[in-house]
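Q: Chains A and B supply the protein sequences, listed in that same order.
All the letters of the first sequence, read from the start, carry residue numbers 1 to 256 under my numbering.
All the letters of the second sequence, read from the start, carry residue numbers 1 to 277 under my numbering.
Among the hints, erroneous ones may be present.
Using 25 Å as the maximum straight-line C-alpha spacing, the simulated DMTMM-like pairs for lysine to aspartate or glutamate come out as follows [as the list claims (entries may be wrong)]:
hint, chain 1, residue 1, chain 2, residue 2
1, B, K140, A, D72
2, B, K140, A, D144
3, B, K153, A, D145
4, B, K140, A, D98
5, B, K153, B, E110
6, B, K140, A, E78
7, B, K153, A, D98
8, B, K153, A, D131
9, B, K232, B, E206
10, B, K153, A, D57
11, B, K192, B, E249
12, B, K140, A, E80
13, B, K153, A, D72
14, B, K140, A, E141
15, B, K192, B, E110
16, B, K23, A, D144
17, B, K153, A, E140
Per the computed footprint, the stretches of chain B lying under chain A, defined by three or more beta-carbons under 8 Å from a beta-carbon of chain A, are [stated by the list, open to error]:
hint, stretch
18, 141-155
19, 158-167
20, 224-237
Cβ pair distances, simulated, as ranges [to be verified]:
hint, chain 1, residue 1, chain 2, residue 2, range
21, A, D144, B, P42, 54 to 62 Å
22, B, P42, A, H208, 52 to 60 Å
23, B, H163, A, D57, 49 to 57 Å
Rather than coming from a laboratory, the hints here were simulated on the basis of the structure.
It should be emphasised that the depicted structure is a prediction, and the values quoted were computed from it without experimental measurement.
The C-beta atom is built at its ideal place from N, Cα and C for all residues, glycine as well.
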Amino acid sequence: MTRLLSVRDIAKTYGGRIGCTDVSFDLYPGEVMGIVGESGSGKSTLLNCLAGHLAPDRGEVLYDMRGQGLRDTLTLSEPERRMLSRTDWAFVHQNPRDGLRMSVSAGGNVGERLMAVGARHYGDIRATATDWLGRVEILEERIDDRPSSFSGGMQQRLQIARNLVTGPRLVFMDEPTGGLDVSVQARLLDLMRGLVREMGLSALIVTHDLAVVRLLAHRIMVMKGGHVVEAGLTDQVLDDPQHPYSQLLVSSVLQV
Amino acid sequence: MSDYNFAYLDEQTKRMIRRAILKGVAIPGYQVPFASREMPMPYGWGTGGVQVTAACLTPDDQLKVIDQGADDTTNAVSIRKFFEKTAEVATTEHTSEATVIQTRHRIPEEPLGEDQILVYQVPIPEPLRFLEPRETETRKMHSLEEYGLMHVKLYEDIARHGHIATAYAYPVRVEGRYVMDPSPIPKFDNPKMEMAAIQLFGAGREQRIYAIPPYTQVVSLDFEDHPFEASKADHPCALCGAEDSYLDEVIVDDAGGRMFVCSDTDYCAGRRAGQAA
Numbered sequence: 001m002t003r004l005l006s007v008r009d010i011a012k013t014y015g016g017r018i019g020c021t022d023v024s025f026d027l028y029p030g031e032v033m034g035i036v037g038e039s040g041s042g043k044s045t046l047l048n049c050l051a052g053h054l055a056p057d058r059g060e061v062l063y064d065m066r067g068q069g070l071r072d073t074l075t076l077s078e079p080e081r082r083m084l085s086r087t088d089w090a091f092v093h094q095n096p097r098d099g100l101r102m103s104v105s106a107g108g109n110v111g112e113r114l115m116a117v118g119a120r121h122y123g124d125i126r127a128t129a130t131d132w133l134g135r136v137e138i139l140e141e142r143i144d145d146r147p148s149s150f151s152g153g154m155q156q157r158l159q160i161a162r163n164l165v166t167g168p169r170l171v172f173m174d175e176p177t178g179g180l181d182v183s184v185q186a187r188l189l190d191l192m193r194g195l196v197r198e199m200g201l202s203a204l205i206v207t208h209d210l211a212v213v214r215l216l217a218h219r220i221m222v223m224k225g226g227h228v229v230e231a232g233l234t235d236q237v238l239d240d241p242q243h244p245y246s247q248l249l250v251s252s253v254l255q256v
Numbered sequence: 001m002s003d004y005n006f007a008y009l010d011e012q013t014k015r016m017i018r019r020a021i022l023k024g025v026a027i028p029g030y031q032v033p034f035a036s037r038e039m040p041m042p043y044g045w046g047t048g049g050v051q052v053t054a055a056c057l058t059p060d061d062q063l064k065v066i067d068q069g070a071d072d073t074t075n076a077v078s079i080r081k082f083f084e085k086t087a088e089v090a091t092t093e094h095t096s097e098a099t100v101i102q103t104r105h106r107i108p109e110e111p112l113g114e115d116q117i118l119v120y121q122v123p124i125p126e127p128l129r130f131l132e133p134r135e136t137e138t139r140k141m142h143s144l145e146e147y148g149l150m151h152v153k154l155y156e157d158i159a160r161h162g163h164i165a166t167a168y169a170y171p172v173r174v175e176g177r178y179v180m181d182p183s184p185i186p187k188f189d190n191p192k193m194e195m196a197a198i199q200l201f202g203a204g205r206e207q208r209i210y211a212i213p214p215y216t217q218v219v220s221l222d223f224e225d226h227p228f229e230a231s232k233a234d235h236p237c238a239l240c241g242a243e244d245s246y247l248d249e250v251i252v253d254d255a256g257g258r259m260f261v262c263s264d265t266d267y268c269a270g271r272r273a274g275q276a277a
């Protein structure tokens with residue numbers, strides 16, 4: 001099986017401080033990788049480096065581009081990179097306000113990516129938007145409402161719909177369930193698990209919530225101080241953590 | 001005699017503006033930054049258009065200034081007087097006699113010819129401004145031809161009103177490349193932009209100049225199933241009876257009485273003179 005994403009020795013420093021360093025891993029099609037760690041461990045820095053929001057100091061991010069094979073996304077030209085990030089990639093922000101256009105209706109938000117890649121038929125765009133709102137459990141009658149009138153959970157689901165509408169192959173998620181209450185979280189997780197499976201998505205999920213990775217991720221990486229301290233199958237790492245920090249992390253979770 | 005340099009601006013400034021205009025003509029629809037000067041009128045009164053006009057004027061020119069199609073409104077009168085005083089050029093109200101026409105919010109009904117220059121006053125040159133507030137980002141979007149967002153605006157119109165409700169400043173794509181704000185002309189005027197005259201756009205406060213050379217392709221953006229439509233009030237002109245001109249709705253009394261008249265006063269007056277003769 002060919003790799004979808006291959007990360008080699010990514011490092012990013014903020015002045016003298018380490019953001020993340022010596023990170024390497026492979027991601028295969030249909031695989032979900034969780035990145036866990038405490039605040040400041042470098043997981044968001046890593047995600048932003050991989051998604052092209054930050055320029056890493058060194059390393060390679062090889063991505064299997066359609067029809068072109070593995071290419072280093074860090075050396076792509078800007079038009080290519082922007083095209084990639086609105087077609088084949090998706091980025092789900094922790095705060096839906098960062099990923100949505102709050103002054104544009106739900107339908108417009110979902111349709112934006114379609115129009116960005118050249119859709120010019122209103123009826124088709126609207127039908128696709130309606131379909132996607134249904135898939136993320138937002139009532140069809142809310143299609144012309146602005147996201148500012150939506151609850152936090154709905155905004156997050158709308159953000160997911162907006163990102164997945166062009167059929168991406170790789171989704172970056174930065175704390176997708178952060179700031180949501182537990183029942184809404186559960187519903188969102190259920191939804192994401194369904195979508196990931198149905199569309200055969202690959203995903204990188206950054207979170208500090210071990211329950212999220214337990215449910216969604218096939219493999220996880222544990223980060224601390226900018227380094228990956230442990231990596232492996234999710235159940236293996238969570239049930240039998242080897243590194244002292246992983247053990248601390250797992251034992252810190254309250255058992256209800 | 002005049003204590004002003006010809007057309008108010010000093011020669012260096014006019015050269016700077018001409019360079020910006022030349023660049024704008026070379027790249028149709030592209031917004032060229034220029035060092036806009038303070039003019040003896042407030043921003044929003046046509047400071048950009050006045051500077052472009054000043055840079056284009058020669059002593060032999062015949063100048064016409066219109067505001068919403070009319071020659072006799074405050075803005076038009078004061079700018080015409082300004083150039084009468086500072087450039088001592090001949091002025092006219094007749095579209096066909098003018099060599100330079102400065103306009104605010106309209107294109108004259110009478111087709112323009114190759115020997116004419118149409119100068120627009122532009123309040124906000126950036127068509128993407130209200131969709132993407134960051135200027136750095138909109139410039140990048142222009143350079144990479146990422147214009148999907150423009151259609152999001154039209155999508156929102158249809159979703160909310162059932163049709164494209166944008167009636168003025170309707171975005172156009174110039175020569176298949178740059179998306180451009182045609183200044184707040186009614187969309188009725190959009191099809192006229194493919195014309196024989198050269199069109200120059202000046203935005204004084206925003207410090208941008210852009211241009212459309214003669215016979216350049218100008219396409220109004222739309223959807224396949226909601227095509228562009230150049231709309232106007234569905235009436236004939238109450239004064240001259242014209243059915244093909246853009247109309248202003250004028251409230252005539254306190255009882256809701258109204259009449260529709262040509263917004264282009266010269267066109268209307270010309271037709272009435274022809275009918276009387």
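Q: It remains to establish, for every hint, whether it holds in the given structure.
A: Tested hints:
no.: 1; hint: K140(B) <-> D72(A); in the structure: 22 Å, holds
no.: 2; hint: K140(B) <-> D144(A); in the structure: 29 Å, violated
no.: 3; hint: K153(B) <-> D145(A); in the structure: 15 Å, holds
no.: 4; hint: K140(B) <-> D98(A); in the structure: 19 Å, holds
no.: 5; hint: K153(B) <-> E110(B); in the structure: 32 Å, violated
no.: 6; hint: K140(B) <-> E78(A); in the structure: 10 Å, holds
no.: 7; hint: K153(B) <-> D98(A); in the structure: 19 Å, holds
no.: 8; hint: K153(B) <-> D131(A); in the structure: 21 Å, holds
no.: 9; hint: K232(B) <-> E206(B); in the structure: 30 Å, violated
no.: 10; hint: K153(B) <-> D57(A); in the structure: 38 Å, violated
no.: 11; hint: K192(B) <-> E249(B); in the structure: 22 Å, holds
no.: 12; hint: K140(B) <-> E80(A); in the structure: 13 Å, holds
no.: 13; hint: K153(B) <-> D72(A); in the structure: 35 Å, violated
no.: 14; hint: K140(B) <-> E141(A); in the structure: 35 Å, violated
no.: 15; hint: K192(B) <-> E110(B); in the structure: 10 Å, holds
no.: 16; hint: K23(B) <-> D144(A); in the structure: 42 Å, violated
no.: 17; hint: K153(B) <-> E140(A); in the structure: 20 Å, holds
no.: 18; hint: 141-155; in the structure: holds (count 7)
no.: 19; hint: 158-167; in the structure: holds (count 3)
no.: 20; hint: 224-237; in the structure: holds (count 3)
no.: 21; hint: D144(A) <-> P42(B): 54 to 62 Å; in the structure: 39 Å, violated
no.: 22; hint: P42(B) <-> H208(A): 52 to 60 Å; in the structure: 55 Å, holds
no.: 23; hint: H163(B) <-> D57(A): 49 to 57 Å; in the structure: 52 Å, holds
Of the hints listed earlier, those the structure fails to meet are numbers 2, 5, 9, 10, 13, 14, 16 and 21, in rising order.
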